[in-house]
Amino acid sequence: MNRRSYLQMAGLSGLGAALSACGVKGQGSPAASAPAAGEVAKFWAGRTSNGTVNFANWPLYMADGHPQLKKFTEATGVQVRYQEVIQEMGPWFAKVQPQLKAGQDIGYDLMVITNGIQFKQFKDAGYLAPLDHSKLSNYAANAGPAYTQETFDPGNVYSVPWTSGITGIAYDQARTGRPITKLADLWDPAFKGKVGMFADTQELGNFAMLALGIAPGRSTPEDWKKAAAKLKEQKNKGLVRSYYEQNYVDALGKGEVWITQAWSGDIFQKNVSDGTDLTFVIPEDGGTIWTDNFAIPVTARNPLDAIKLIDYFYQVDVAASLAEYINFVCPVPGAQDRIAQDAAKDASLRAVAQSPLVFPGPADYAKLHYYREFATTAEHQEYQAIFEPIVLG
Amino acid sequence: MRRRLTPYLLILPGGLWLLLFFVVPMVTMLSLSLQEGDVVSGYVLTGHWQTYVDAIAAYRTQLARSLIYGAIATLVLIAAAFPVAYWIAFHGGRRKATYLFLLLLPFFVSFVLRTISWRYILTDEGLLLGPLKDAGLLPPGFHVLGTPVAVIGGLIYNFLPFMVLPIYVALERIDPRVVEAARDLYAAPLVTFAKVVFPLALPGVFAGVLMTFVPASSDYVNSAVLGSSSTTMIGQVIQSQYLVSSNYPTASALSFTLMAVLLIGVFAYARALGTDAVMRVSER
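Protein chains in written order, with our numbering: chain A, 1 to 393; chain B, 1001 to 1284.
Extracted from the complex, chain B is given alone in its bound form:
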């Protein structure tokens, strides 16, 4: 009896936590998204699905923009993170832990502060652009802040470790003898990488994409701090609908729409990559 109960007892603390702080708010939000009314006279559940239609019609640009920014950031992250993870995994030697620690070091500073400090570097006449403008290399009106480049750059910066770490874990587990075997069989270094190392690292890439694309697409801090009104992301719209307009149903409906789009995207991606890769991630 005791033995049969053990797994349930083990799952209890985490399960209760999720029930309380994930399931309950989700149900509340789903309910809110289908209610009509206003803050003062109250909201009534009417099953008003039209809110979804109206919200998507009004903010489809921001929704699409968020997914595009998230996708670009994720692709750049894969390209940027893979060499870093590769180098640490295969050439890090005894200092691997140190390098990983250095990678995480910026995380000891609040990420809002780190994003704001980017403003000081990128501002129109700041550290970076000021000297370039003085030297006549850039026109005086040139600016980076307020453009998509600044926002996507901020996303890449803030999510880099979330891509490096899973890829590193995947690479780290590759048996060096597999790579040696490929060389023994006369595979060129590039072929070894393409046919042996990269496929074995795919579960890491998949985990990295999950950990970066989803939060990057729904992020609102980078766009709020580094962007302008032409870079508004869906997270900002949701925040504004909830906190500025007190329009709870629209905010909830947009949240669910975003979640649905991301879930469909992730499942489609898992499908395309083959469930095998996903299963190997979950085995770890």
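Isolated chain A (complex conformation):
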């Protein structure tokens, strides 16, 4: 054996060792939902307030200057470092997952995460701290009943809502030439090449299922295939301009699309900020409702301050001032009266207080569907495999 071949051998075995060393280990057991009462006590035992919270949130989820946080600091002395670092759930999960897996602090004590696939991954992997509800008295008193029993986290063991939102249809009536009322309008040949759909496979699949009269929350793999066929038909006929992420608002504003899947608060904010005249509707045959939730990473350094901040946002006046700015669905029904009082001083708020998109009534809730919860990763992967080829054509 000469020197070179020896080196080659050494290199190869080194590579093999390295290969086997970097397996990605998982944590926790899947589907560990409700923890034993002891777990809550164990997590919270001996925690003390450190006077600071690092809060990770999405952009455009709080007014400039963060007035609510300033008041919180005045009232409690706890400083809040607020960062708009979450843009999409997938990348956020991918970013913090290695640190959480290693049991390290991710630099945030509080984060806002959407129900859905990554929420389940956070929860199942044991990355979320169980909440101590004895510290959430405002939440207990003021949260709307619909928000205390959502299927992705029954009993709010790991999360409480920050805000909810509705997925419906937004359109520009100057271009469509007629009001849009139902899901079938997304399949109308008159809008060929001017229809926008969401790239998110759950949002996309949900609308096709609803158009077929299937409730997404109870759908089966057979339903998914039918929905995918309907979406392929829409795509192959050239109806769909593109599958969008957050950029759909821009495309709608510029007239690239005339009618698109949309998130409720975005359209309100676009009209206010750019003076556009776009309309958002919940289709009469159904839309979906999702929830962005407060959650405390299990490795948080300041969980006690974080839970204090969560509960602060459930004060009626704080919830009201937040809804006045973001215009997504407010989980505190009592805030409606408060906004109506504020509207006496500021007429522009009257629309907010009366908006069914901020305070949906029973008739609106009846039209809104929840997401499909995937019991296993295999089920989720099956779903992805059916809908992904449509988006990644």
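Treat the hints as calculated values from the structure; they're not laboratory data. Keep in mind that this is a model prediction, so the values were computed, not measured. Backbone N, C-alpha and C fix where the C-beta goes; we use that ideal spot for every residue, glycine too. Treat the hints with care, as some may be off.
A few chain B residues that face chain A, going by a derived Cβ cut-off under 8 Å, partial list only [claimed, not checked]:
no., residue
1, Ser1229
2, Ser1230
3, Val1237
4, Leu1243
27 Å max Cα-Cα, derived BS3-like pairs, lysine-lysine [said to hold, decoys possible]:
no., chain 1, residue 1, chain 2, residue 2
5, A, Lys192, B, Lys1133
6, A, Lys235, A, Lys225
7, A, Lys232, A, Lys367
8, A, Lys70, A, Lys345
9, A, Lys225, A, Lys182
10, A, Lys367, A, Lys230
11, A, Lys237, B, Lys1133
12, B, Lys1133, A, Lys235
13, A, Lys308, A, Lys135
14, A, Lys182, A, Lys367
15, A, Lys226, A, Lys182
16, B, Lys1133, A, Lys254
Cβ-to-Cβ under 10 Å is the rule here; a few derived chain B residues that face chain A [to be verified]:
no., residue
17, Asp1038
18, Tyr1059
19, Gln1062
20, Thr1123
21, Asp1124
22, Glu1125
23, Gly1141
24, His1143
25, Leu1145
26, Val1225
27, Ser1228
28, Thr1231
29, Gln1236
30, Ser1240
31, Gln1241
Following the hints, complete the assembly by docking chain B onto the known chain A.
Only chain B this time, still in chain A's reference frame:
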């Protein structure tokens, strides 16, 4: 002793850097591509090569599309960049440095921003198409965004300097007396170009192709910003597999497949061009 160690010491900083940020991630990724499992319960190395087969079968269209877009962009770039480089090298005079600086000036703005600004120009009723449609020169439904033309156009725009600079360097090194000699020997200008200037510039073209074809084929920003679902490139698929589906093995397998295809392509190209041209590049 000291003298013998010097080359190793010199290579140490760069070598360590590459080891840490290139070799280690590569090995990790190769390992990931052969693992099975999911994010929650973890991945286990099983040597599951089937992932490659499945990934290529599922995304062969996007893989082929990326190579075709990359190739078209590269060919257009050669045609567009050569005259620019030629003019600066032979007719730039004292202002050569200024012209090169102007060429690089857009690079002082983030390339994502520059690509997004293309949307404003190309959008359906924007700066370019709006007036043409109003004048009745284009049908109202006509659009550029979302088509392969927009994506390839974005690639060409973003990679232009990477083609101009190496060709310029090659042309700049040509001894003007060689060109004069060709003329003295009664070669027509076109013949001079074809038989003297172009062959001497080939190493530059080769370097330019390497610097544009490889990143252009694996690019995902241009397609994401300017394209639509019918222009999806392999980079977008990899990004989506990794960040949206948390399907790390498939994302890694696709990355390696792309790398293998590009490496084979580059070596085949070097072979066809003759190793001489490649060696001259590496001499510089």
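These are the hints, each one checked on the structure:
With a cut of 8 Å, the hint placing Ser1229/B at the interface with chain A holds, because the nearest CB-to-CB distance is about 4 Å. For Ser1230/B, the interface hint holds, the least distance from its beta-carbon to any beta-carbon of chain A being 5 Å, beneath 8 Å. For Val1237/B, the shortest C-beta to C-beta distance to chain A is roughly 5 Å, which falls under 8 Å, so the interface hint holds. Residue-level restraint check for Leu1243/B holds (minimum Cβ-Cβ distance to chain A is 4 Å; threshold 8 Å).
Our distance criterion of 27 Å between C-alpha atoms is met by Lys192/A and Lys1133/B, whose separation comes to about 18 Å. For a cut-off of 27 Å, the pair hint linking Lys235/A to Lys225/A stands: about 15 Å separates their Cα positions. Between the alpha carbons of Lys232/A and Lys367/A the distance comes to roughly 25 Å, so the proposed pair stays at or under 27 Å and holds. About 22 Å separates the Cα atoms of Lys70/A and Lys345/A, which keeps this hinted pair within 27 Å; it holds.
Distance hint between Lys225/A and Lys182/A is fulfilled; the C-alpha atoms sit about 22 Å from each other, no more than 27 Å. Simply put, Lys367/A and Lys230/A have alpha-carbon atoms about 21 Å apart, close enough for the 27 Å limit, and the pair holds. Of the pairs offered as hints, the one joining Lys237/A and Lys1133/B holds, with about 24 Å between alpha carbons and a cut-off of 27 Å not exceeded. For the hint linking Lys1133/B to Lys235/A, the alpha-carbon distance of about 25 Å falls within 27 Å, and the restraint holds.
Between Lys308/A and Lys135/A the CA atoms are separated by roughly 7 Å; this keeps the pair inside 27 Å, and the hint holds. Restraint check for Lys182/A and Lys367/A: the C-alpha separation of about 12 Å stays at or below 27 Å, so the hint holds. Only pairs whose Cα atoms come within 27 Å are accepted, and Lys226/A paired with Lys182/A is accepted, the gap being roughly 19 Å. For the given pair, Lys1133/B sits about 15 Å from Lys254/A by alpha-carbon distance, which is consistent with the 27 Å threshold.
Residue-level restraint check for Asp1038/B holds (minimum Cβ-Cβ distance to chain A is 4 Å; threshold 10 Å). Checking Tyr1059/B against chain A: minimum C-beta separation of about 7 Å stays under 10 Å; hint holds. Because the closest C-beta pair between Gln1062/B and chain A is about 7 Å apart, less than 10 Å, the hint holds. Interface hint status for Thr1123/B: upheld, as the beta-carbon distance to the closest one in chain A is roughly 5 Å, under 10 Å.
Using the Cβ-Cβ criterion of 10 Å, the hint placing Asp1124/B at the interface with chain A is satisfied: the shortest such distance is roughly 5 Å. For Glu1125/B, the interface hint holds, the least distance from its beta-carbon to any beta-carbon of chain A being 5 Å, beneath 10 Å. Because the smallest distance between the Cβ of Gly1141/B and any Cβ of chain A comes to about 6 Å, under 10 Å, the interface hint for this residue holds. Nearest Cβ of chain A to the Cβ of His1143/B: about 7 Å, under the 10 Å cut. The hint holds.
Satisfaction of the interface hint for Leu1145/B is found here, the shortest Cβ-Cβ separation to chain A being roughly 7 Å, below the 10 Å cut-off. Hint status for Val1225/B: holds, given a least beta-carbon distance of 8 Å to chain A, under 10 Å. Below 10 Å, beta-carbon pairs count as interface contacts, and Ser1228/B has one with chain A at about 4 Å; its hint therefore holds. Below 10 Å, beta-carbon pairs count as interface contacts, and Thr1231/B has one with chain A at about 8 Å; its hint therefore holds.
The criterion of a C-beta within 10 Å of any C-beta in chain A is met by Gln1236/B, whose closest approach is roughly 7 Å, and the hint holds. Interface hint at Ser1240/B: satisfied, since its Cβ lies 6 Å from the closest Cβ of chain A, which is below the 10 Å cut-off. Given hint, Gln1241/B at the interface with chain A, holds; its Cβ is 9 Å from that chain's nearest Cβ, closer than 10 Å.
Of the numbered hints given earlier, the model fails none.
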